[in-house]
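Chains A and B are the protein sequences, given in the same order. The numbering of the first sequence is our numbering, which starts it at 1 and goes up by one. The numbering of the second sequence is our numbering, which starts it at 309 and goes up by one.
Bear in mind the hints are in silico, worked out from the structure with no lab data behind them. No experiment lies behind these values; they were computed from the predicted model shown. Treat the hints with care, as some may be off.
[Claimed, not checked] The following label-pair restraints were derived from C-beta to C-beta distances:
#  : chain 1 : residue 1 : chain 2 : residue 2 : range
1  : B       : L452      : A       : S87       : 48 to 54 Å
2  : A       : G307      : B       : A356      : 57 to 63 Å
3  : A       : Q300      : B       : R451      : 27 to 33 Å
4  : B       : E429      : A       : L81       : 54 to 60 Å
5  : B       : E429      : A       : E151      : 37 to 43 Å
6  : B       : R408      : A       : E41       : 44 to 50 Å
7  : B       : Q592      : A       : W166      : 50 to 56 Å
8  : B       : R451      : A       : R47       : 54 to 60 Å
9  : B       : R408      : A       : H193      : 20 to 26 Å
10 : A       : D43       : B       : E602      : 40 to 46 Å
11 : B       : P501      : A       : D111      : 53 to 59 Å
12 : B       : R451      : A       : R7        : 31 to 37 Å
13 : B       : R591      : A       : P45       : 42 to 48 Å
[Stated by the list, open to error] Residues on chain A that point at chain B, a partial pick, calculated with CB under 10 Å:
#  : residue
14 : D99
15 : T100
16 : G182
17 : N224
[Said to hold, decoys possible] SDA-like cross-link-like pairs, simulated, lysine to any residue; straight-line CA separation at most 25 Å:
#  : chain 1 : residue 1 : chain 2 : residue 2
18 : A       : K50       : A       : K139
19 : A       : K139      : B       : W565
20 : B       : K505      : B       : A478
21 : A       : K139      : B       : R453
22 : A       : K147      : B       : D348
23 : A       : K147      : B       : R608
24 : A       : K139      : B       : R556
25 : A       : K49       : A       : T148
For glycine and all other residues, C-beta sits at the position ideal for the given N, C-alpha and C.
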Amino acid sequence: MSLANSRLLPSFNRPPSCVAIVRAQSYDLDLGALLFQALREFDLPLRGKKVLLKPNFVEPDPGGVVNTHPAVVGAARECFLRLGAESVRVAEGPGHERDTEAIVETIRLRDYLGPLPGLFVDLNLDEVHPITLQTRASKLRELYLPKTVLEADFVVSLPKLKTHHWVGATLSLKNMFGIVPGCCYGWPKNILHWAGITRSILDINSTVRPDFAIVDGIVGMEGNGPIQGIAKPSGVLILGDDPVAVDATCARVMGLAPERIDYLAKAGTLLGHLKPDKIRQLGESIASVRTPFAVLPTLQKLVAGNGA
Amino acid sequence: MDGMLPSENGGGEAYREAVNSGQLANTYCRHFLITNQNPDGGWGYHRASPSSVEATSWVLMALTSWSQAPALTETCARGHAWLLQAQLPDGSWPAFPGQRQGCWTTSLASLALHLQGGSPEAVVRGLNWLLDAWPADGTLWWRLRQFLARSAVVHQDISLRGWSWTPGTASWVEPTSHALLLLRSLPPGLLPPRAAKRQRLAERMLYDRMCPGGGWNSGNPLVYGVAGVPRIGPTAWALLALIDQPQRAENQMSLDWLARAYAGIRGATSLALAHRCLAAYGRQVPPLAPALGELYLQNRFFESVLAVAWIALAWGGEGSRAGKTAGESLTS
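Just chain A, with the same shape it has in the complex (with noise of 0.2 Å):
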């Protein structure tokens, strides 16, 4: 599982980071295809494993805004099997609405992935074990955490290129709160926000670190995500084997300062690489899809290129 990916390192001693940019313009396109080649440049251990994809399902969205598109959930998963991997299912907690069901039947994730009883996992809903954390970013400590996410040997964060209008843009990292279980903690799972977001991201992920992550910027989000924002067309589908690298990324594309984004720049010490000197770029170069993202006003600080 996950939980063995957790080590910590300095950024000095951990081996540079692989994230590959890949064009695509449209969730109408071979999104497997596309995915399946890039990915066979990772040379992932995946023969036997069981895979786990942690996509964003926020609300039911029938606009295709605010979730991962199901056609992004649904060509990892065949990618991931066709690589080897034992079993791939996809499981969610999402962080306001209690009606899973509601969510996932609205974007029809059912017409990318088949039967979803025994492949979907709510994770508000599962077993859960209680996980001592890490590191001591917050107060937290210790969290119950799901029994499907501790199971698992190779976890995918899948999010939506989005900004967030507290800490900037929520990407595979932030991602993770998803896997805190409602079940215990409510909806909203209030007790991160207490505790301190960008603390809480921290704790979680140096817990259960992804192994993997794909961002689907294929129509992104901006203004004031994650759930009140504007489409933003990106034609992106970024992915790499170090969480922090591909958000950074993703920030750089979005016309972002990752530095700047509080809980990157701090995750960039001990749970992956933030300097591009450190992220081996395979496919397309950030220059060529780089699209700005609007931003809150209180947010202006963040952008590239904006005085710090």
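Starting from the structure of chain A, add chain B where the hints point.
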């Protein structure tokens, strides 16, 4: 799992007909809940998953809403005993046994025990814990910090307080509604004087947190000046908690929103809650069976105990009259 419905594989049209005709209510729900009781007497969120306080409380309320057939008596008694055993020494209930801290499930467990009858001491201990459990927002220190920060993130009366999901966090719509449902269900003689103050404050909090145009979300009606989008669940819970004021404009506006949203609901729990709420207020609402039948055929409600319990409660409310008390609105 199918219980007494015709087999899906062999049944074909008969299966679909059984699902859509209401057999889902009469046979499947009851069978599902009874057969998925854990050996320890409680219920988990899914078959064979560890017993949880929330799931057990809702199943007990659902079973109580049916006539007390002898076959159910023992099932309910074992569930009742499990809940009593799960209560913490301070009177609260955690989400799962073994957890050291009580939380929002205390309202549900107390309500389930009260509605089932018996164990008034346990109910009073739960009630007292709830009445002493103030959320962390709304304190003088908190309000001072908000003032100094000149926070423009949310626009709400921060002096109003209800109940939080977990100790040390803020007030939210759903746990506040659950606590109000309990307070309104208990006989006045059981309520200490301080209960009235908390009830009034919590009701004001709920009305303050209503989204512009009616309905509730988890508790943020306006963020950065943008109106929050109401959600089915919180709206139904808040309306059920505020059912003693049915003609109030906010209630009517929110009922209108819920009625408009009803046709677009794609989840069994939301559908059941919305139906239960609209029926409790005496609103005309389409029969449940066809819509639930479609969802069942798609995903079998994800085999969720909670979903089936809420569906059973909703079915218990079909054709019910308006003007019920909060407790009655859930279980009769």
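Q) Which numbered conditions among the earlier hints are violated in the structure presented, ordered from lowest to highest? A) Result: hints 7, 12, 13, 18, 19, 24 break, sorted rising.
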